[in-house]
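So for the sequence shown, the UniProt record's numbering puts the first residue at 1; every next one is plus one.
By construction, these hints were calculated from the structure, which means they are not laboratory data. Backbone N, C-alpha and C fix where the C-beta goes; we use that ideal spot for every residue, glycine too. Among the hints, a few may not be true.
To be verified - DSS-like mimics (lysine-lysine), calculated; alpha carbons at most 27 Å apart, straight line:
1) Lys43 x Lys14
2) Lys43 x Lys29
3) Lys29 x Lys14
Claimed, not checked - For each label pair, taking beta carbons as the anchor points, the in silico distance ranges come out as:
4) Leu15 x Glu48: 33 to 41 Å
5) Ala31 x Ile62: 31 to 39 Å
6) Lys14 x Thr66: 33 to 41 Å
7) Asn9 x Thr66: 32 to 40 Å
8) Arg8 x His40: 19 to 27 Å
9) Ile62 x Arg8: 19 to 27 Å
10) Thr26 x Pro67: 35 to 43 Å
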Amino acid sequence: MFFDDSIRNIQTAKLTGLTTVLVGSTQRKNAVDYALGSIHNIKEALPELWELVNKSKDVQKIAIETPVEA
Numbered sequence: 001m002f003f004d005d006s007i008r009n010i011q012t013a014k015l016t017g018l019t020t021v022l023v024g025s026t027q028r029k030n031a032v033d034y035a036l037g038s039i040h041n042i043k044e045a046l047p048e049l050w051e052l053v054n055k056s057k058d059v060q061k062i063a064i065e066t067p068v069e070a
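Can you make the complete structure from the sequences, with help from the hints?
Below you can see the structure in the form of structure tokens.
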């Protein structure tokens, strides 16, 4: 799931197959799956995310280290 406030970035993410969320607008545009006026509305706007979390209680949590060289 890709969150951004730039429609250009949202369109690119959609082309790669991601589910997209436009933040800062309540109007859905091309390539936008969801639109949020504010990131603070996420729980009300995308309740399915929390439903999935509740269903995945059997999933074990593991730490993954990703080295980055700058």
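Results for each hint:
no., hint, verdict
1, Lys43 x Lys14, "holds, 22 Å"
2, Lys43 x Lys29, "holds, 21 Å"
3, Lys29 x Lys14, "holds, 12 Å"
4, Leu15 x Glu48: 33 to 41 Å, "violated, 23 Å"
5, Ala31 x Ile62: 31 to 39 Å, "holds, 33 Å"
6, Lys14 x Thr66: 33 to 41 Å, "violated, 25 Å"
7, Asn9 x Thr66: 32 to 40 Å, "violated, 22 Å"
8, Arg8 x His40: 19 to 27 Å, "holds, 24 Å"
9, Ile62 x Arg8: 19 to 27 Å, "violated, 35 Å"
10, Thr26 x Pro67: 35 to 43 Å, "holds, 40 Å"
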